[in-house]
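Q: What follows is the residue order along each chain.
There are 2 protein chains.
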Amino acid sequence: MQVLITGGAGFLGTRLAKALLARGTLTGPDGGQQPISRLTLLDVATPAAIDDPRVRVVTGDISDAAVIADALTPGTTSVFHLAAVVSGQAEADFELGMRINFDATRLILDRARTLGSRPRVVFTSSVAVFGGPLPAQVTDGTVATPQSSYGAQKLMGEILVTDYSRKGYIDGRTLRMPTICVRPGVPNKAASSFASGIIREPLNDQPAVCPVAPETPMWVMSPRKAIEGLIHGHEIDGAALGATRTLNMPGLATSVRDMVGALETVAGASVAARIRWEPDPAVIRIVNSWPGSFDAVRATALGFAADPDFESIVRAHIQDEQKR
Amino acid sequence: MQVLITGGAGFLGTRLAKALLARGTLTGPDGGQQPISRLTLLDVATPAAIDDPRVRVVTGDISDAAVIADALTPGTTSVFHLAAVVSGQAEADFELGMRINFDATRLILDRARTLGSRPRVVFTSSVAVFGGPLPAQVTDGTVATPQSSYGAQKLMGEILVTDYSRKGYIDGRTLRMPTICVRPGVPNKAASSFASGIIREPLNDQPAVCPVAPETPMWVMSPRKAIEGLIHGHEIDGAALGATRTLNMPGLATSVRDMVGALETVAGASVAARIRWEPDPAVIRIVNSWPGSFDAVRATALGFAADPDFESIVRAHIQDEQKR
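Chains A and B, in that order, are what the protein sequence lines are. Going by the numbering used here, the first sequence opens with residue 1, and the numbers climb by one from there. Going by the numbering used here, the second sequence opens with residue 1, and the numbers climb by one from there.
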């Protein structure tokens, strides 16, 4: 198996790469487990060095066809397409969002189409495809009406993945990811960036700003479950997905208040007290357009799993990131 | 008002042009009726001559940015974007369908965005955005999962129209049109072409081939109602459309059998007997993926109207086309 990860220098891309290298195999074209012989990390940034002879690094702009041609070769059997411009940035810079979130996705799919190699493609979409008036619980039958350009760009990518799969150009599957938290590192321009910041910064003895109200509903997934989900998304039988290749991933329905409560339970009141509450209308507008709860029937039936509670997410974050 | 019609040499485009010229006004940026001072017809084909000083013709490929720049000027207040590659052709030639049905739509919207002129844009989409397992009656809350590249391309265009409107780049509205019949002229590569052919050809003393079963459900609209709907779609208040600018147009739920029955009632059994039934699996696959009935609540509430029955559609066709 020759695997390509776009966004390979990012947090999820790096974790996914390590998980795949440790796992060693993926389902191949014949349906059996095949060894991973090459893992290409494509990113505009240089990935952290991984000392493994299977790893190849391609540095470049994913909206550049020559870069995609270099990264996605005739032998590529699997693509994990994670690279994206985050929601806040895509809203602020419309052209950048279209170029990276949509045009690059199309370039990747078209590269596979013209190669005729029909790789498995795992595309990460987002709950941000939903917006506007929504039922209390979003189901697999809820219409996606994005209220952000990020959501619109992801939704168009989903449609491409399904149509390219229907035409036999790729074997695609799109996973609509919940808000991933707790992310390590520093804040980014995602409207959801605070969801990690309000846990991560206090645990690092830093102050954190929460721009939304405590009662804000959140639909979240830990990095561990996200990596499990991405790999599981590769392994399932694409033909079983039917009329759409898009799946709402199961997540944990929580609220900002409950997240902070879990932080307090795990780390103490003095840690949780490092959060300042400063409402930001721009963030509130985007985050409040997203649904807070799903009934992810199709994905659950296909074996995807959610985190059991937010305390376990905080504990896993401490294990994975704080004690290094 | 300076109006642009793409697909201006086509059947609907020509009829729309004549209807707009006869009407003389459209709602302008200030909300009042304003005289139409210029009507630009853009098409790859040369439109039939319309003897009116307000008419301007631009001939060229709508996927060429220079052509769009010529046709959509800073003064353009209204765009009716009708140009498309039909379903059967978009399925047979994937790249052509993407270029004309999607890229050209984006070019038009981007031209408006960069001009900053915020024109009203009426975009014609189609019931072909629906497919796969569907409820007996499609509603405004039914998820669109297209099973044709034409449907996928139109759905992506819808998402752009809504997002460009949300961002204030255009004031867009997308109308998902039923199968328009009876179209005049000759068969085209639309999978739905037979729906007009089985009425039009027998009335012209010609044989017609019906490639689908008599019980096939059809969701149809006459050319007269389509033109009324396009103009009404321009006139409604875009801000009232809410989270999505897309509307399922009301149509007439009928079946191929009832359509032929209406032909027989209006024109006699000998006319209806000119239809040969020759199943075509490729057409059946596409047509059967479309819904046969809708509950178009939103559009009906906004004042859009359907034809009352198929006999009146046949009679209107005879009036409009057969007696010239």
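Hints were generated in silico from the structure; no laboratory data involved. Glycine included, every Cβ here is placed at the ideal spot set by N, Cα and C. Check each hint, because a few of them may be wrong.
Residues of chain A placed beyond 10 Å of chain B at every Cβ, according to the derived structure [claimed, not checked]:
id	residue
1	Ala9
2	Thr142
3	Val143
The calculated lysine to aspartate or glutamate pairs, modelled on EDC-like cross-linking and capped at a C-alpha distance of 16 Å, are [said to hold, decoys possible]:
id	chain 1	residue 1	chain 2	residue 2
4	A	Lys189	A	Asp110
5	A	Lys167	B	Glu95
6	B	Lys18	B	Asp237
7	B	Lys167	A	Asp280
8	B	Lys167	A	Asp93
9	A	Lys167	B	Glu228
Between beta-carbon pairs, the in silico distance windows are [claimed, not checked]:
id	chain 1	residue 1	chain 2	residue 2	range
10	A	Asp52	B	Ala240	32 to 42 Å
11	B	Asp61	A	Ala92	25 to 35 Å
12	B	Asp140	A	Gly238	28 to 38 Å
13	B	Gly168	A	Asp280	16 to 26 Å
14	A	Asp295	B	Asp140	31 to 41 Å
15	B	Ala240	A	Ala92	52 to 62 Å
16	B	Asp309	A	Thr139	54 to 64 Å
17	A	Thr300	B	Val209	24 to 34 Å
Q: Next, verify each hint and record whether it holds.
A: Results of checking the hints against the structure:
Listed as outside the interface, Ala9/A is consistent with that label: its C-beta sits roughly 29 Å from the nearest C-beta of chain B, beyond the 10 Å cut-off. The beta carbon of Thr142/A is not kept farther than 10 Å from every beta carbon of chain B, the shortest such distance being approximately 7 Å. A beta-carbon of chain B comes within 10 Å of the beta-carbon of Val143/A; the shortest separation is about 5 Å. For the given pair, Lys189/A sits about 29 Å from Asp110/A by alpha-carbon distance, which is inconsistent with the 16 Å threshold.
Of the supplied pair hints, the one linking Lys167/A and Glu95/B holds, its CA atoms being roughly 12 Å apart against a limit of 16 Å. Between Lys18/B and Asp237/B the CA atoms are separated by roughly 23 Å; this puts the pair beyond 16 Å, and the hint is violated. For the suggested pair Lys167/B and Asp280/A, the alpha carbons sit about 19 Å apart, so the restraint of at most 16 Å is broken. Our distance criterion of 16 Å between C-alpha atoms is met by Lys167/B and Asp93/A, whose separation comes to about 11 Å.
Proximity of Lys167/A to Glu228/B is assessed by CA-CA distance (about 36 Å); at most 16 Å being required, the pair is judged violated. Range check, Asp52/A to Ala240/B: Cβ separation about 57 Å, and the 32 to 42 Å hint is violated. Look at Asp61/B against Ala92/A: about 33 Å separates their beta carbons, and that is inside 25 to 35 Å. Between Asp140/B and Gly238/A the beta carbons are some 30 Å apart, a value that agrees with the proposed interval 28 to 38 Å.
Taking 16 to 26 Å as the suggested C-beta distance range, the pair Gly168/B and Asp280/A conforms, at roughly 21 Å. Between Asp295/A and Asp140/B the CB atoms are about 20 Å apart, so this pair departs from the stated range of 31 to 41 Å. Our hint of 52 to 62 Å for Ala240/B and Ala92/A is violated, since their Cβ atoms are close to 28 Å apart. At about 36 Å, the beta-carbon gap between Asp309/B and Thr139/A misses the expected band of 54 to 64 Å.
In this structure, Thr300/A and Val209/B break the distance hint of 24 to 34 Å, their C-beta atoms being roughly 47 Å apart.
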